[in-house]
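J.: Chains as they are written, first to last, in this note's numbering: chain G, 238 to 672; chain V, 238 to 672.
Errors might be hidden in some of the hints.
Intra- or inter-copy, both count: the list cannot distinguish identical chains.
Said to hold, decoys possible - Pairs of lysine-lysine residues, derived as DSSO-like cross-links and limited to a Cα-Cα distance of at most 30 Å, are as follows:
1) K397 with K427
2) K299 with K558
3) K475 with K418
4) K475 with K531
5) K531 with K558
6) K344 with K558
7) K479 with K344
8) K418 with K666
9) K239 with K278
10) K531 with K502
11) K558 with K502
12) K650 with K558
13) K239 with K344
14) K531 with K344
15) K650 with K472
To be clear, the hints were calculated from the coordinates, so they are not data collected in a lab.
2 protein chains.
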Amino acid sequence: MKIVDLRVHSIAIADPPLRSSYGLHQPYALRTVLELVSDDKIVGIAETHGGDAIARGFEALKGRVIGADPFRLAGLLIDLVEGDVPGSSLDRSQTFHVPGENPLDLKQRLYSALEIAALDLCGRALRKPVCDLLGGRVRDEVAFSAYPFYKHAGGGGEGKDARPDEYGEALGPEPLVRQVKHMIAQNGFKDIKFKTGVLDPEVEIETVRQLHRAFPGLPIRMDPNCAWSVETSVKVGKALAKELGNGGYLEDPTAGMDGMAAVRKQLLAAGIDTPLGSNVAVTCFPDLREAVAKDAVQIVLSDVHYWGGLRATQHLGKLCKTFGLGLSMHSNSHLGVSVMAMAHAAAATPQLTYACDTHYPWSDAKDEVVAGGKVRFTNGCVRITDRPGLGVDLDQDQLARGRERYASCPYRKRDDEAEMRKHVDPNWKRVLPRW
Amino acid sequence: MKIVDLRVHSIAIADPPLRSSYGLHQPYALRTVLELVSDDKIVGIAETHGGDAIARGFEALKGRVIGADPFRLAGLLIDLVEGDVPGSSLDRSQTFHVPGENPLDLKQRLYSALEIAALDLCGRALRKPVCDLLGGRVRDEVAFSAYPFYKHAGGGGEGKDARPDEYGEALGPEPLVRQVKHMIAQNGFKDIKFKTGVLDPEVEIETVRQLHRAFPGLPIRMDPNCAWSVETSVKVGKALAKELGNGGYLEDPTAGMDGMAAVRKQLLAAGIDTPLGSNVAVTCFPDLREAVAKDAVQIVLSDVHYWGGLRATQHLGKLCKTFGLGLSMHSNSHLGVSVMAMAHAAAATPQLTYACDTHYPWSDAKDEVVAGGKVRFTNGCVRITDRPGLGVDLDQDQLARGRERYASCPYRKRDDEAEMRKHVDPNWKRVLPRW
Numbered sequence: 238m239k240i241v242d243l244r245v246h247s248i249a250i251a252d253p254p255l256r257s258s259y260g261l262h263q264p265y266a267l268r269t270v271l272e273l274v275s276d277d278k279i280v281g282i283a284e285t286h287g288g289d290a291i292a293r294g295f296e297a298l299k300g301r302v303i304g305a306d307p308f309r310l311a312g313l314l315i316d317l318v319e320g321d322v323p324g325s326s327l328d329r330s331q332t333f334h335v336p337g338e339n340p341l342d343l344k345q346r347l348y349s350a351l352e353i354a355a356l357d358l359c360g361r362a363l364r365k366p367v368c369d370l371l372g373g374r375v376r377d378e379v380a381f382s383a384y385p386f387y388k389h390a391g392g393g394g395e396g397k398d399a400r401p402d403e404y405g406e407a408l409g410p411e412p413l414v415r416q417v418k419h420m421i422a423q424n425g426f427k428d429i430k431f432k433t434g435v436l437d438p439e440v441e442i443e444t445v446r447q448l449h450r451a452f453p454g455l456p457i458r459m460d461p462n463c464a465w466s467v468e469t470s471v472k473v474g475k476a477l478a479k480e481l482g483n484g485g486y487l488e489d490p491t492a493g494m495d496g497m498a499a500v501r502k503q504l505l506a507a508g509i510d511t512p513l514g515s516n517v518a519v520t521c522f523p524d525l526r527e528a529v530a531k532d533a534v535q536i537v538l539s540d541v542h543y544w545g546g547l548r549a550t551q552h553l554g555k556l557c558k559t560f561g562l563g564l565s566m567h568s569n570s571h572l573g574v575s576v577m578a579m580a581h582a583a584a585a586t587p588q589l590t591y592a593c594d595t596h597y598p599w600s601d602a603k604d605e606v607v608a609g610g611k612v613r614f615t616n617g618c619v620r621i622t623d624r625p626g627l628g629v630d631l632d633q634d635q636l637a638r639g640r641e642r643y644a645s646c647p648y649r650k651r652d653d654e655a656e657m658r659k660h661v662d663p664n665w666k667r668v669l670p671r672w
Numbered sequence: 238m239k240i241v242d243l244r245v246h247s248i249a250i251a252d253p254p255l256r257s258s259y260g261l262h263q264p265y266a267l268r269t270v271l272e273l274v275s276d277d278k279i280v281g282i283a284e285t286h287g288g289d290a291i292a293r294g295f296e297a298l299k300g301r302v303i304g305a306d307p308f309r310l311a312g313l314l315i316d317l318v319e320g321d322v323p324g325s326s327l328d329r330s331q332t333f334h335v336p337g338e339n340p341l342d343l344k345q346r347l348y349s350a351l352e353i354a355a356l357d358l359c360g361r362a363l364r365k366p367v368c369d370l371l372g373g374r375v376r377d378e379v380a381f382s383a384y385p386f387y388k389h390a391g392g393g394g395e396g397k398d399a400r401p402d403e404y405g406e407a408l409g410p411e412p413l414v415r416q417v418k419h420m421i422a423q424n425g426f427k428d429i430k431f432k433t434g435v436l437d438p439e440v441e442i443e444t445v446r447q448l449h450r451a452f453p454g455l456p457i458r459m460d461p462n463c464a465w466s467v468e469t470s471v472k473v474g475k476a477l478a479k480e481l482g483n484g485g486y487l488e489d490p491t492a493g494m495d496g497m498a499a500v501r502k503q504l505l506a507a508g509i510d511t512p513l514g515s516n517v518a519v520t521c522f523p524d525l526r527e528a529v530a531k532d533a534v535q536i537v538l539s540d541v542h543y544w545g546g547l548r549a550t551q552h553l554g555k556l557c558k559t560f561g562l563g564l565s566m567h568s569n570s571h572l573g574v575s576v577m578a579m580a581h582a583a584a585a586t587p588q589l590t591y592a593c594d595t596h597y598p599w600s601d602a603k604d605e606v607v608a609g610g611k612v613r614f615t616n617g618c619v620r621i622t623d624r625p626g627l628g629v630d631l632d633q634d635q636l637a638r639g640r641e642r643y644a645s646c647p648y649r650k651r652d653d654e655a656e657m658r659k660h661v662d663p664n665w666k667r668v669l670p671r672w
């Protein structure tokens, strides 16, 4: 079996006006869908970050991909992830780049998507689920978490393509709790990952408390994406020890490895062992040595899109367990192909014991490229079946609509800061720490 | 595809009287060969440590193995390697147990062999080489090293089954150099791993110097299996800085994580950065955290037989690179099935940049269970071909002869100390440190 084509589809999907410390989500999120075609007409698929830069990256790799045996593709391209990652941990981090927009991890992102597409292709050829090409599932049900955001009114999309606003505006505790109630009613999630760093920390603390009262048994994670100083991080950590310490965690409260280490140290000194999660300070394997040495991070957020794919998630799991770290999973705005890649990675990674993050409830069924519509969460979980590969097929008409949206929308890279200036405050700048 | 049978073959193979700090090799080394049989009559094979204890372990697992899908077997049995490993690092280490005789790592050894047999079975079913089920080879040629030992006269085997002594006695520098010349002439090795901890350190230092003069371009590793005090280790490290520092290393000079760390610290203080390798202080993932924290080990010796199999070797490779450690590979007395499992692991593990250890030249072609005879080293390397699975088949007649040798020999576990008392010194005890 040889690869005879790599089709790169840049698409846009409606995205509601969600807030984070990075700014505001644009009306469209950009994604790239890959089709890896074999000489016997089997097509493996993957989904990753979007925009022009990554699409150009895939085009530039075509010469190495076409003609390759899909069973050997990950090995053939190993230089993309085993070459030295340039930059200091701060350059490599997502402190100053939203995920998917850091040129320093472009190679890992290209590799990851190609590894996933090759696994899907091999799985389809062998009629085996992807997780069973990775040693075999250790779980049949993969848990995801509710992912509430403070948000403005609007459902995403622009002009005639503007979408209904299923969730409504949420810029304070009460509407945020209503948002989570709706999200959990729809999906059955058993964990809450709450994006913060948007409102005054006192308001966010109150929001967490109201969430905790509304869902007393559910672990809560709070993720301000570095919006806080060490002092504020410690203050929040102390105020919410009970709410976050009960199976939840505090994710990237402050910027940089040293800041994270200082927060940890001060919380421990106060008798609070709420773990610190990270997908900002730690975004690739080379960051882990410093993170471990400084005890800066206790839970690593994997991501099949930029850590190196599914096997890298397994490597990361073993590494985390070895060094006493927990393993969770990060998400960006995405569609169903990514849901399934994340689910297969989690199914084949025994150490991934936290529910995975997912933006999936924020996507509109109208944009789904997976045949048959959106993947369903049942009791908050995606079920791993015996379907070959990732277990989903592309709807080519839907994919074509995604390409049309990409062609007609003005966005070519994610820029939450520009969007914030456009809609909220013409002088807005991302300032770290903000509080 | 379902597994319908697991055949466990305990065999014995002739082993020459090789010396180490553990004592003396018995006339027979014990191995176990597995056959994992599918309902469509495909048979996956693996080879591991021998003796009665591990054979009983496999028998006890049959209920979990038979009926399983071989693509899922590693996932189904994951508790064997993900359950907590009991004991302190000293209990888990091979300081007081020869490899394959520590009851604390029995579960990992059972898992490793079953993972390998399942991969071979899947590879045969799909007509794919094992390394290409692991992401694909990153190299076609896997380098192994010459592995000289001080030895007594004799070729292994007993009584009418005594074998010709191809290498002769070697209990000093000159015969040891002759041994290596013969071994390299036969196999083309480009590295020398030298088992020491047997004679006075001054004699061993002189042996390394003579090896270095005889093979000036070849990296040399010296492995006394903990025979030395910290002081002696540092003395040898200083004396041989040039000879071992040139791409070689000093393996397990002294016992225990703290001893290793002290040797490292004192060598560095003397301006000598000869790395310390280990397959004694560090034998499983849980040992790595302490080893990294103390800088006790700079090169980890993987082993497909007890670290958890081939995927675990990949995990270990990524972990080692992440923490700035080198990766090498350990060996025991073995036949061609193990050679191929080691070679496929190395082919699919980019970070494995050292030549693998191998006792293979010490085995007698008469005992080989691989059809067609011993696997060949060309220029010191095993070539990874396109043959399915591990790329070798069993010769059932040879396997039957191995079982007969097992049945007729008196050995049921490896015991180098007893053998030393029997043949060399009736009062011999393993004393650490000896020098």
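J.: If a hint holds in the structure, say so; if it doesn't, say that too.
T.: Structure-based check of all given hints:
no. : hint           : result
1   : K397 with K427 : neither (36 Å within a copy, 70 Å between copies)
2   : K299 with K558 : between (36 Å within a copy, 28 Å between copies)
3   : K475 with K418 : within (26 Å within a copy, 68 Å between copies)
4   : K475 with K531 : within (21 Å within a copy, 32 Å between copies)
5   : K531 with K558 : both (17 Å within a copy, 18 Å between copies)
6   : K344 with K558 : both (26 Å within a copy, 18 Å between copies)
7   : K479 with K344 : neither (41 Å within a copy, 39 Å between copies)
8   : K418 with K666 : neither (32 Å within a copy, 70 Å between copies)
9   : K239 with K278 : both (10 Å within a copy, 28 Å between copies)
10  : K531 with K502 : both (10 Å within a copy, 21 Å between copies)
11  : K558 with K502 : both (21 Å within a copy, 27 Å between copies)
12  : K650 with K558 : neither (35 Å within a copy, 33 Å between copies)
13  : K239 with K344 : within (23 Å within a copy, 39 Å between copies)
14  : K531 with K344 : within (27 Å within a copy, 33 Å between copies)
15  : K650 with K472 : neither (35 Å within a copy, 60 Å between copies)
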